[in-house]
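Line by line, the protein sequences give chains A and B. Letter by letter, the first sequence follows residues 1 to 309 in our numbering. Letter by letter, the second sequence follows residues 1 to 173 in our numbering.
Since the hints were derived computationally from the structure, they do not count as laboratory data. Fair warning: this is a prediction, and the values are worked out from it, not measured in the lab. Glycine is no exception: its CB is placed at the ideal position from the N, C-alpha and C atoms. Incorrect hints may have been included.
Said to hold, decoys possible - Part of the chain A face toward chain B, derived, beta carbon under 8 Å:
id: 1; residue: 13
id: 2; residue: 20
id: 3; residue: 32
id: 4; residue: 34
id: 5; residue: 37
id: 6; residue: 38
id: 7; residue: 49
id: 8; residue: 125
id: 9; residue: 178
id: 10; residue: 198
The chain contents come next:
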Amino acid sequence: MRRSGGNRSRLLLVTLIVTSLFFITLDLRGVQVMSGLRSGAQSALAPFQRVASSAFSPVGNFFSDVAHLGRTRAKLKKLEDQNAQLRTTLIAHKGLDAQVAALKSVLDLAGTAGYKVVNAKVISQGSASSFSQTITIDAGANMHLTRDMTVICGDGLVGVVKAVFPNTSLVMLASDPSFHIGVRIAGTQQIAILSGQGTDHAVLQLLDSQSSVKIGDALVARGSEANKPFVPGVPVGTVTSVSNAAGAVSQMADVKYYAHLNSLGLVAVVIQAPATDPRDALVPKAPAPAPTVTIFVTPTPSPSPTTTK
Amino acid sequence: MNTRKNLLSAPIFLVIFLFQETLMNQLHLPFGGFSVFLIFTLSWCALSTPETGALAGFAAGFLLDIAPHSQGPVGQWTLVLIIVGYAIAYLRYGDDSLRGNPLSLVVMVAIGVIATLLFYVALGALLGMDLGSGFQLMKTIIGNGVWSLAVTPFLLPIVSRLHANIFETREFK
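Isolated chain A (complex conformation) (with noise of 0.2 Å):
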């Protein structure tokens, strides 16, 4: 083992680790120059994000999309018997047609409640390596966004926005482990507080040892004060599972959010809460059931008297 100037090298790695543990003691106390390091990395990356984002997005969903063959098979066939031209312009017109679905239906549910949103593209998502659950998205001070607004998509709750740069924003997905919300059992009305556990799944824990929950019972947004950082009536997800364990204080439940949290497009930011609070408007509504068929049968002429049925 040959060790070429073992001191200074030792005196570099001190010097290191001792830059490290300033730079993490001098952000924890909240110095400015650390968070503007990371606005000014956000604003120097939001150019080639945005780049890739609309040259990558049809690649960038195609494993998770693997899982979901059977739906896409489909479409292909049907695509496949079409010529080549056309089937290029119906895969450009298929992504459009999926942005304005995503869009319409933000716009409902947004429109039901009548909350002022702005509509903003992913652009990027967290990494893969780090512990958090975040989306950049291209809307940013630009469009009067700031900090603590609730950002919405089609199905329901998506997060919250942690960080506002010129022209792009990050909003912490629900999923978030350090993500906690106040939500309202829709029908029941007790309160719970509701964390994310990185995962689409997240954990709701009821607030008084009284009260019950049970599996299939919808949840919304309890609001915040002044509406942020949420505003109410946002559907949040629905309680799959129930803990009972003796001696807990009280009910814990299992809880899948309504929107798909690791494949979203397009989302809303709601920069004006409504009036009143919609309460449990926007609910989805239970799939109904399949309708039954009737089948009338006209009796067939005949003098016989015993076929009238």
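Chain A is already provided as a structure; the job is to place chain B on it using the hints.
Same frame as chain A, but now just chain B:
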């Protein structure tokens, strides 16, 4: 150690960082995916002297810290990568049987990725970060390790060629 050579490698790190932030972050890979930037940094460190390893770790960690989506305080990734970068360079630099064996290098980088993430989580816990469910954390960390094991062999030739171009006249040869 040569300051000019270390400075020359800075643009390479910037380009890989940009590639990770703009293109790789758009992919939704199962089990947490992998970070090209992290694999690149650790491979780079493994090919360098401990001093260069620590410096590369510092630079890479600082870039990760100022990435807008990173949650911890600025300096958390820096601290983690200085120590892991130094350690991985020290281990390889010191051991002749490991040097020049690509398989051991791949395994070492994958273990390095896992160690980096575990260290990051542990430091985050000390600093009071919300980390979510333990199962999800383990899935992400192990997923990253397995992905890195699969991807590193393809990245390694590129990294070692770039590294050789800059540090051609290494002082220990």
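Open item on the list: Under 8 Å is the threshold here; is the Cβ of residue 125(A) close enough to any Cβ of chain B for the hint to stand?
Closed with: holds (5 Å)
Open item on the list: residue 178(A) was flagged as interface toward chain B. Is the shortest Cβ-Cβ separation under 8 Å?
Closed with: Holds, about 4 Å.
TODO: Return the status of the interface hint for residue 34(A): holds when the least beta-carbon distance to chain B is below 8 Å, violated otherwise.
DONE: With a closest approach of 4 Å, the residue 34(A) hint holds.
- [ ] Go through the hint on residue 198(A) and say holds or violated, using the shortest Cβ distance to chain B against 8 Å.
- [x] With Cβ-Cβ at 4 Å, under 8 Å, it holds.
Task: Minimum beta-carbon distance criterion (8 Å), residue 38(A) to chain B - done: holds (5 Å)
- [ ] Closer than 8 Å between Cβ atoms is the bar; does residue 20(A) clear it against chain B? Give me holds or violated.
- [x] Since the shortest Cβ distance to chain B is 4 Å, the answer is holds.
- [ ] So, residue 32(A) near chain B? Judge it on the closest CB pair being under 8 Å.
- [x] The hint is violated - residue 32(A) has no Cβ within 8 Å of chain B, the shortest such distance being about 12 Å.
Open item on the list: Min Cβ distance, residue 49(A) to chain B: is it shorter than 8 Å?
Closed with: Holds: closest Cβ of chain B sits about 5 Å from residue 49(A), inside 8 Å.
- [ ] Using Cβ atoms only, decide whether residue 37(A) comes closer than 8 Å to chain B, and label the hint accordingly.
- [x] holds (5 Å)
Task: Restraint outcome when residue 13(A) is required to lie within 8 Å of chain B by C-beta distance - done: holds (5 Å)
The structure fails hint 3 only (numbered hints given earlier).
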